[in-house]
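2 protein chains.
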Amino acid sequence: MSLIKWVNLKSIVDSRGELTIIEAQKDVSFDIKRIYYLTNLSPNMSRGYHAHRDLQQLAVCLVGNCRVLLDDGFEKCWVELGSDKAIRIEPMIWHEMHDFSDDCVFLVMASDKYDESDYIRDYTKFMEEVNNG
Amino acid sequence: MSLIKWVNLKSIVDSRGELTIIEAQKDVSFDIKRIYYLTNLSPNMSRGYHAHRDLQQLAVCLVGNCRVLLDDGFEKCWVELGSDKAIRIEPMIWHEMHDFSDDCVFLVMASDKYDESDYIRDYTKFMEEVNNG
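Chains A and B are the protein sequences, given in the same order. Residues in the first sequence are numbered from 71 upward in steps of one, following the working numbering. Residues in the second sequence are numbered from 71 upward in steps of one, following the working numbering.
Worth double-checking, as some hints may not be accurate.
Where chains are identical, the list cannot tell them apart; a pair therefore holds if satisfied intra-copy or between any two copies.
Derived lysine-lysine pairs resembling DSBU-like cross-links, with alpha carbons at most 30 angstroms apart [said to hold, decoys possible]:
#	residue 1	residue 2
1	103	183
2	146	80
3	183	155
4	80	103
5	183	96
6	155	103
7	103	195
8	155	96
9	195	183
10	75	195
No lab work stands behind these hints: they were computed from the structure.
Please model the complete structure; the sequences and the hints are all you need to start from.
The following block contains the structure:
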């Protein structure tokens with residue numbers, strides 16, 4: 071089973087520009103309780119480096135691109151993330167975002183509000199939970 | 071009562087870039103059932119030109135800026151929308167988006183899924199509903 075769960079996005083393009091729509095319970099399997107986005111990114115600085123115990127997320131670059139590492143403790147996959155498709159980041163997936171393009175706008179939709187106790191920020195701890203889970 | 075309902079946004083800025091978080095039932099008063107975003111916008115082309123009967127929305131430029139016209143049938147207000155604050159677009163507000171900057175990324179969070187019957191796309195009809203409502 072691949073770690074990479076692509077979600078195709080619906081865009082409507084005309085002379086005015088491009089409109090992209092993402093619907094809860096359809097394109098994402100949850101009502102969206104929180105969104106967050108990254109802008110003014112430094113290309114040489116990476117982000118992420120954590121996993122969630124329960125949170126479900128959908129991530130996409132609205133503009134530009136980056137590389138995402140997904141790791142379930144058994145397998146690692148690199149994803150070239152752009153604006154044409156989103157990826158689901160499921161619970162217990164260690165994820166890192168690297169190599170942001172200068173213009174990158176990275177958006178995440180999340181299934182729940184912020185809860186620090188849902189984060190695993192230490193890779194050794196993550197592997198312990200993978201092996202004991 | 072002003073038509074302009076600003077919502078301050080929480081951003082965390084460090085050497086990696088800028089992270090902005092918007093939470094349902096907190097920064098917006100609803101669970102987010104749909105998001106949509108505009109990219110690759112033509113600066114000379116305007117968008118919107120409708121009102122919603124019930125839908126609640128929160129709009130922000132993640133990057134760049136534009137001008138938004140809000141009109142409740144009694145009063146018209148122009149908003150310079152950038153990335154520092156969002157605006158609520160409430161039901162029965164005719165809205166138009168103009169003068170997108172070249173780099174503009176315009177994001178909207180909506181309280182419900184798409185429903186064409188919720189749209190009023192004709193200004194005369196809008197004014198009729200305002201006056202009969």
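These are the hints, each one checked on the structure:
When the C-alpha separation of residue 103 and residue 183 is checked against a cutoff of 30 angstroms, the pair qualifies both within a copy, at 6 angstroms, and between copies, at 15 angstroms. Proximity of residue 146 to residue 80 under the C-alpha cut-off of 30 angstroms is restricted to the intra-copy arrangement: shortest distance 28 angstroms within a copy versus 33 angstroms between copies. For a Cα distance limit of 30 angstroms, the shortest separation of residue 183 from residue 155 qualifies both inside one copy, at 24 angstroms, and across copies, at 20 angstroms. For a Cα distance limit of 30 angstroms, the shortest separation of residue 80 from residue 103 qualifies both inside one copy, at 21 angstroms, and across copies, at 16 angstroms.
Taking the closest pair of Cα atoms, residue 183 and residue 96 come within 30 angstroms of each other both inside a single copy (20 angstroms) and across two copies (10 angstroms). In this homomeric assembly, residue 155 and residue 103 come within 30 angstroms of each other (Cα to Cα) both inside a single copy, at 21 angstroms, and across copies, at 19 angstroms. When the C-alpha separation of residue 103 and residue 195 is checked against a cutoff of 30 angstroms, the pair qualifies only within one copy, where the shortest distance is 27 angstroms, while the shortest distance between copies is 34 angstroms. In this assembly of identical chains, the alpha carbons of residue 155 and residue 96 lie at most 30 angstroms apart whether taken from the same copy (15 angstroms) or from different copies (29 angstroms).
Proximity of residue 195 to residue 183 under the C-alpha cut-off of 30 angstroms is restricted to the intra-copy arrangement: shortest distance 23 angstroms within a copy versus 39 angstroms between copies. Proximity of residue 75 to residue 195 under the C-alpha cut-off of 30 angstroms is restricted to the intra-copy arrangement: shortest distance 24 angstroms within a copy versus 44 angstroms between copies.
In this structure, every one of the numbered hints holds.
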